[in-house]
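Engineer: Residues per chain, in single letters:
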Amino acid sequence: RKEVEQDPGPFNVPEGATVAFNCTYSNSASQSFFWYRQDCRKEPKLLMSVYSSGNEDGRFTAQLNRASQYISLLIRDSKLSDSATYLCVVNIGRGYQKVTFGIGTKLQVIP
Amino acid sequence: NAGVTQTPKFQVLKTGQSMTLQCAQDMNHNSMYWYRQDPGMGLRLIYYSASEGTTDKGEVPNGYNVSRLNKREFSLRLESAAPSQTSVYFCASSEFGGTDNEKLFFGSGTQLSVL
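Residue numbers (this note's numbering), protein chains in the order written: chain Z, 7 to 117; chain R, 25 to 139.
Next comes chain R alone, as it looks inside the complex (with noise of 0.2 Å):
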């Protein structure tokens, strides 16, 4: 049973360069979420699908865009990619997503370095 698999593992871009993450998940769970990583600051909320067909921007949505392709897959976009986008990436899923006691399931994570 993979959970949430999401790819790549490692990029490098230069600025201005676009690139989408893939995350796909065997769960069946219905939501679906874009997290990043940065040092000295929790995990926080880019994009999230609450269920197939939807998606809603989170804490910090510029710059990036988002596809909800099927249940099991959720794509994020970088357009135009900047300094300030070095982080690392989670795609992560929850079976009832807004409920008050959602247990997230993360991927392994994307190391985006932009140059």
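So that you can see chain Z by itself, here it is in the shape it has in the complex (with noise of 0.2 Å):
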């Protein structure tokens, strides 16, 4: 099983619609969690932290299930600028090697 486990789409949603995508991660000691987006042909850009309490940022909202091992991301009103692909980013612990990315999952919002 790999460490972090994503669909890696496409999810093809129309603009307004909301898009939720999933992310598991084996280890339970996993410590930290992000969402990066990633625009095609460009560098992974953090879109967000993921917090036990779950967190929001505008349209974007994180949630964290450790019983279950994923986190969410859920995305409301989709915009076309918001076609990228999203990374699942997990930290199973203190140490540099122990960040590890998802496949990432694509997103493209049609008109």
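These aren't lab readings, by the way, just hints derived from the structure by calculation.
Fair warning: there could be bad hints in the mix.
Unchecked claim - Over the 10 Å line for every Cβ pair with chain R, so calculated as not near, a few chain Z residues:
#1 Phe17
#2 Gly22
#3 Ala26
#4 Ser32
#5 Ser34
#6 Glu49
#7 Gly60
#8 Asp63
#9 Lys85
#10 Asp88
#11 Ser89
#12 Leu93
#13 Gly108
#14 Ile116
#15 Pro117
Unchecked claim - Mimicking PhoX-like on lysine-lysine, the simulated pairs with C-alpha atoms at most 20 Å apart in a straight line are:
#16 R/Lys95 <-> R/Lys81
#17 Z/Lys51 <-> Z/Lys104
#18 Z/Lys112 <-> Z/Lys8
#19 R/Lys127 <-> Z/Lys48
#20 Z/Lys112 <-> Z/Lys48
#21 R/Lys127 <-> R/Lys95
#22 Z/Lys51 <-> Z/Lys85
#23 R/Lys33 <-> Z/Lys104
#24 Z/Lys104 <-> Z/Lys8
#25 Z/Lys51 <-> R/Lys127
#26 Z/Lys51 <-> R/Lys33
#27 Z/Lys104 <-> R/Lys127
#28 Z/Lys51 <-> Z/Lys112
#29 R/Lys33 <-> Z/Lys48
#30 Z/Lys112 <-> Z/Lys85
Everything numeric in this text was worked out from a predicted model, so none of it was measured.
Cβ coordinates follow ideal geometry from the N, Cα and C atoms, glycine included.
Fit the two chains together into the complex; they arrive one by one in their own frames, and the hints show the way.
Structural biologist: Here it is, written out as structure tokens:
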């Protein structure tokens, strides 16, 4: 089983729709969690951290479920500019080698 | 504010050639990293430098060497390129690597093809 698993998609959704992605992780000792956004042929950029209590940033909401070992990203009122690949990133503990990236979920928002 | 700058953006090599990818950050970050990204795989860590003067192997170090020239600069060298090293390479930095909540800042990437 991969350490971090994501559905690669693509998820094709109409503008204005709500879309959710999940990401599962295998190591129960995982400490911190993030969502990064990567546009085509560009570098990943931090979208948001994921906190145990859940957190929201505008149209984006991230949730953590430690019992089931997954994190989620919810995007409301999708915009064309949200089209990108969303990378799930898990840090399984202190140490520079402990950051693990998922393969990413591709989102395409359609007019 | 440039952030993380890496060069070149594109490179084509023949098998056996050597080259160095350059990376510099202007955020006064302590830690720097080199990743590679291949289709169907998440980013994989090649080498990292926790702080100036130190370097360590990551998940996929074979065929690469690195130099942390100073706090700002971290270069990646391919001594004898192989087709398996065809990939997109990203340099990244973080303020205090190794903490639970480190946030990575990436350069714009180098598309490398080895023929």
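Engineer: Each hint: holds or not?
Structural biologist: Structure-based check of each hint:
1. The beta carbon of Z/Phe17 is kept farther than 10 Å from every beta carbon of chain R, the shortest such distance being approximately 17 Å.
2. At the 10 Å boundary, the C-beta of Z/Gly22 stays outside the reach of chain R, the nearest C-beta of that chain being 30 Å off.
3. For Z/Ala26, the condition that its CB be more than 10 Å from all CB atoms of chain R holds, with the nearest at approximately 20 Å.
4. With a closest Cβ-Cβ approach of about 13 Å to chain R, Z/Ser32 is found to remain outside the 10 Å limit, as its non-interface label requires.
5. Residue placement check: Z/Ser34 keeps its beta carbon more than 10 Å from all beta carbons of chain R (closest about 15 Å).
6. Chain R draws Z/Glu49 into its interface by the beta-carbon criterion, the shortest separation being 4 Å against a cut-off of 10 Å.
7. Chain R leaves Z/Gly60 outside its interface by the beta-carbon criterion, the shortest separation being 16 Å against a cut-off of 10 Å.
8. Non-interface status of Z/Asp63 relative to chain R is upheld: no Cβ of that chain comes within 10 Å, the nearest being about 14 Å off.
9. At the 10 Å boundary, the C-beta of Z/Lys85 stays outside the reach of chain R, the nearest C-beta of that chain being 23 Å off.
10. Distance check on Z/Asp88: its Cβ is at least 19 Å (rounded) from any Cβ of chain R, clearing the 10 Å threshold; non-interface status holds.
11. Listed as a non-interface residue, Z/Ser89 keeps its Cβ farther than 10 Å from every Cβ of chain R; the least gap is roughly 19 Å.
12. Remark: the non-interface label on Z/Leu93 conflicts with the geometry, its nearest Cβ contact in chain R lying 7 Å away (cut-off 10 Å).
13. Its closest Cβ contact with chain R, about 5 Å, brings Z/Gly108 to no more than 10 Å, contrary to its assignment away from the interface.
14. Residue-level check passed: Z/Ile116 sits 24 Å from the nearest beta carbon of chain R, beyond 10 Å.
15. Against chain R, the non-interface label of Z/Pro117 holds: every CB pair exceeds 10 Å, the least being about 27 Å.
16. Between R/Lys95 and R/Lys81 the CA atoms are separated by roughly 18 Å; this keeps the pair inside 20 Å, and the hint holds.
17. A hinted pair counts as satisfied when its Cα atoms are at most 20 Å apart, and Z/Lys51 with Z/Lys104 qualifies at roughly 18 Å.
18. Note on Z/Lys112 and Z/Lys8: the hinted pairing holds, with a Cα-Cα distance of about 19 Å set against a maximum of 20 Å.
19. Taking the CA atoms of R/Lys127 and Z/Lys48, the gap is near 18 Å; set against the 20 Å cutoff, the hint holds.
20. A distance of roughly 14 Å separates the Cα atoms of Z/Lys112 and Z/Lys48; the hinted pair therefore holds under the 20 Å criterion.
21. A threshold of 20 Å between alpha carbons decides the hint, and for R/Lys127 with R/Lys95 the separation of about 18 Å falls inside it, so the pair holds.
22. Proposed proximity of Z/Lys51 and Z/Lys85 is supported: the alpha carbons are some 18 Å apart, at most 20 Å.
23. Proximity of R/Lys33 to Z/Lys104 is assessed by CA-CA distance (about 27 Å); at most 20 Å being required, the pair is judged violated.
24. Our distance criterion of 20 Å between C-alpha atoms is met by Z/Lys104 and Z/Lys8, whose separation comes to about 14 Å.
25. Simply put, Z/Lys51 and R/Lys127 have alpha-carbon atoms about 10 Å apart, close enough for the 20 Å limit, and the pair holds.
26. Proposed proximity of Z/Lys51 and R/Lys33 is supported: the alpha carbons are some 18 Å apart, at most 20 Å.
27. Between the alpha carbons of Z/Lys104 and R/Lys127 the distance comes to roughly 13 Å, so the proposed pair stays at or under 20 Å and holds.
28. Straight-line distance between C-alpha atoms of Z/Lys51 and Z/Lys112 comes to about 15 Å, which keeps the hinted pair within the 20 Å bound.
29. With a C-alpha separation of about 11 Å, the suggested pair R/Lys33 and Z/Lys48 falls inside the 20 Å cut-off, and the hint holds.
30. Distance check on the hinted pair: Z/Lys112 and Z/Lys85 sit about 14 Å apart at the alpha-carbon level, within 20 Å; holds.
Hints 6, 12, 13, 23 from the earlier list are contradicted by this structure; the remaining hints agree with it.
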